[in-house]
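S.K.: These protein sequence lines are chains A and B, in that order. Quick note, the numbering used here runs 4 ahead of the 1-based positions in the first sequence. Quick note, the numbering used here runs 42 ahead of the 1-based positions in the second sequence.
Please note that a few of the clues may not be correct.
[Unchecked claim] Listed below are several chain B residues computed to face chain A (Cβ distance under 10 Å; list not exhaustive): (1) Arg271; (2) Ala280; (3) Gly282; (4) Leu346; (5) Gly350; (6) Tyr351; (7) Gly375; (8) Val393; (9) Thr397; (10) Tyr398; (11) Arg400.
These aren't lab readings, by the way, just hints derived from the structure by calculation. Since the model is a prediction, treat every value here as computed from it, not as a measurement. Backbone N, C-alpha and C fix where the C-beta goes; we use that ideal spot for every residue, glycine too.
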Amino acid sequence: MTQPIIEMKDIEKHFGPVIALGGVSFDVCPGEVHCLLGDNGAGKSTFIKTMSGVHKPTSGTILFEGREMHFDSPRDAMAAGIATVYQDLAMIPLMSVTRNFWMGNEPVRKIGPFRMMDFARANRVTMEEMAKMGINLREPNQAVGTLSGGERQTVAIARAVYFGAKVLILDEPTSALGVRQTSNVLATIDKVRKGGIAVVFITHNVRHALAVGDRFTVLNRGKTLGTARRGEITPEELQDLMAGGQELAQLESSLGGTV
Amino acid sequence: MSDERMKQVSTLRRIMIRPELGAISGTILVFVFFLMIAGDSGMFAPQGIQNWSVVSAQFAIIAVGACLLMIAGEFDLSVGSMIGFAGILIAILSVQWGWPTWISILVAFAICVSIGALNGFLVIKTGLPSFIVTLAFLYILRGLTIWLSILTTQKTVIGGVRKAAEGDWLAPVFGGKILTGLFQWMGDHGWIETFSRGTRAGQPVVEGIPMLIIWALGLIIFGQWLLTRTRFGNWIFASGGDAQAASYVGVPVNRVKILMFMFTAFCACVFATSQVMEFGSAAADRGLLKEFEAIISVVIGGALLTGGYGSVVGAALGALIFGVVQQGLFFSGAESSLFRVFLGTILILAVILNTYIRRIITGER
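In isolation and in its complexed conformation, chain A is listed as follows (with noise of 0.2 Å):
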């Protein structure tokens, strides 16, 4: 096995009483799909935002090519190269395709003392970027609001990967998709793979994570439930770890917690 490009040990993360995360530890490998699963409010998104720099955790190291990092904003994640694609807060559907793929990154041309953006460079690449990706778009300056919901995932992640994320953490892509645009998605999934980008994908979807994964981690009230490979599981023990720990959890509370 390759090292890993990112790895979180012990994170503990409290909102005042809550505690949201109580030690999760989580690494993926570059060219690994590495699924994270949990039902709502399991904390998966609490701990994908510690990884992405919007959290700071509240105990726990997060090591990022070997190295102990400290992320202060999602900036700094960002410019180590960990990119992060939201389930809706991914693209801006006012405006146009180009817009949304330069945001934040935008190319700078100097004219004189003017400093002006180079829409004729940020065009042609998000043309080329998005046909690597296997959307023709119409013109790049339509708006994201035209494009249907697995083409807007797909902007984003191509953004992702244009930007030199090396770790792509994609925030339940699927979710509100249907099945024509989350197989897109799934395919586009695997070529970012394919590329040697570690990627972290987040479901409650077992069909979904099992169709890409290489490896599989439960996560279950703010606690994971162990890491399994591709094929030491099945997608009923996967399904029952998810749902099983639902219920114990539900056990747990109804106990008074002391079991």
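Given the coordinates of chain A, assemble chain B onto it according to the supplied hints.
M.R.: Frame of chain A; chain B shown alone:
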């Protein structure tokens, strides 16, 4: 994944489908209307043109600020009060305290832009809607303006600004006129009307282009360039479109918003200074309702009230519509109440058209 259901876009459609279409149609409609009913009233003679273009330019100056701020996702309702405040400040400093006019103007700008920054800072830090925060400043600034004016002069109108500004280098930048030589030359050749009697006999009726119009054009060009051609423009769209998505990819949303509040305050101060220099006086009630007139111009211009979408050129055309309709009242001599009906109708029609176009462009449903 190319979509065969996507229709080919015709060139005509591409030219037509733009955010400013509503404002362009409105402008054409307004001009045709007034050419028909007031074409021979002098409205389109040089003096008439100067009349409505100055009024439109005033609207445009504050509309550019309001437009960029609205696209960045915020409102500023304190613009009108800021205009009154800046004017009184300049008058007190230059007339009452006897400071040089240029220092008074610069101090007024510094204070206004700082208040703009404070507006922005409060909106960002409290997370309250800018509607509420700036509404508070609408009252605070208006109250301060009247209080300061009464405190220093026992009046709410302070005159003598023009006299104090004589020989000042900065005052003409706001209150002066340019191309006066050209207009004199055109007058000498009989191309434009000149005074035939009195002390100004031989001088053209329209002496030149007021600096107010130059400021308006400058701000429109700057705003349009900033918004559509620069990296910062992309940040403005992104901040208003979805502040969280924008900050996740590293757009400094807070900085963008605060800067836009400051820019809006700057525009209000340009308006105030030009007005004070033109009238030679400041009054505590100046700028009343200007914030709404700015917002209406921006909305006629195709901007979305919730941010993330709009056009500076559109807002400028909205201001032009506003100015032409308002001044058209006097020229046509028609029942003024009917023109409010006319203005309201244009507002509704432009916004309906804008909404329709925006849906086509952005795929909103």
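S.K.: Hints first: check each against the structure and report whether it holds.
M.R.: Quick rundown of the hints versus the structure:
The beta carbon of Arg271 of chain B comes within 5 Å of a beta carbon in chain A, closer than 10 Å, and the hint placing it at the interface holds. Look at Ala280 of chain B: its Cβ gets to within about 5 Å of chain A, closer than 10 Å, so that hint holds up. Against a cut-off of 10 Å between C-beta atoms, the interface hint on Gly282 of chain B holds, since the closest Cβ of chain A lies about 8 Å away. Annotation: interface hint on Leu346 of chain B holds; nearest CB of chain A at approximately 7 Å, less than 10 Å.
Restraint check, Gly350 of chain B versus chain A: the minimum CB separation of about 4 Å is within 10 Å; hint holds. With a cut of 10 Å, the hint placing Tyr351 of chain B at the interface with chain A holds, because the nearest CB-to-CB distance is about 5 Å. Residue-level restraint check for Gly375 of chain B is violated (minimum Cβ-Cβ distance to chain A is 44 Å; threshold 10 Å). Interface hint at Val393 of chain B: violated, since its Cβ lies 17 Å from the closest Cβ of chain A, which is beyond the 10 Å cut-off.
For Thr397 of chain B, the interface hint is violated, the least distance from its beta-carbon to any beta-carbon of chain A being 13 Å, above 10 Å. Residue-level restraint check for Tyr398 of chain B is violated (minimum Cβ-Cβ distance to chain A is 15 Å; threshold 10 Å). The beta carbon of Arg400 of chain B is positioned within 10 Å of a beta carbon in chain A (closest approach about 8 Å), and the interface hint is therefore held.
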